[in-house]
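This is what each chain is made of:
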Amino acid sequence: AQSVSQHNHHVILSEAASLELGCNYSYGGTVNLFWYVQYPGQHLQLLLKYFSGDPLVKGIKGFEAEFIKSKFSFNLRKPSVQWSDTAEYFCAVRSGGSQGNLIFGKGTKLSVKP
Amino acid sequence: EAGVTQFPSHSVIEKGQTVTLRCDPISGHDNLYWYRRVMGKEIKFLLHFVKESKQDESGMPNNRFLAERTGGTYSTLKVQPAELEDSGVYFCASSQVGVIQYFGAGTRLSVL
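Going down the list, the protein sequences come from chains A and B. Residues 1 to 114 in our numbering are what the first sequence spells out, letter by letter. Residues 1 to 112 in our numbering are what the second sequence spells out, letter by letter.
No incorrect hints appear here.
Calculated lysine-lysine pairs in the DSSO-like style (CA-CA distance at most 27 Å, straight line):
no., chain 1, residue 1, chain 2, residue 2
1, A, K69, B, K44
2, A, K106, A, K49
3, A, K109, B, K44
4, B, K41, A, K49
5, B, K44, A, K71
6, B, K54, B, K78
Hints in this document: simulated from the structure, not taken from any laboratory.
Isolated chain A, as found in the complex (with noise of 0.2 Å):
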């Protein structure tokens, strides 16, 4: 069965340092690839996505991702997080078509301190 693992639960950091989240999934057919983001109190938002093309994709709000194939992986990335950016993270992907389902990780909170 599909499954995407994060990497890891909580992170904590301070306000400018550096934003690694890893996500691996089990899947060897074509992938579309989704990072959401869920801001406290807030709805799920897509961050970023990759379908095709240059593996390296840009986000909104200064987030972005590879999609390295051989490693089965699409870490997210942010060189300077903000106190702003606290919120759980989700990768997921989707394969079965563009209408098929999402197949989320568990999460990873973020904490930032100011």
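On the provided structure of chain A, position chain B as indicated by the hints.
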């Protein structure tokens, strides 16, 4: 443009009672998805509607769960009778074909 709206935001019921969750997708979105997150676990797929038809209901846990989407607009998810393990956050998402799934804020269900 209004986003995906879910009602209620929080529901507290006793074991054995019935609860109905509602999702209003973004207007014009034919695809509607239900997901659930049990505490400490990942968000898991429950089912997928295309317009009023169930495209995939492989994630529905058991026959105590009934989802409908009359007229291809809003959807309801009924749990009857509710059990303790049904507690969690229920998310709804909608999308156009081949595009991004937009999520609602979720309904937190607490079964006591």
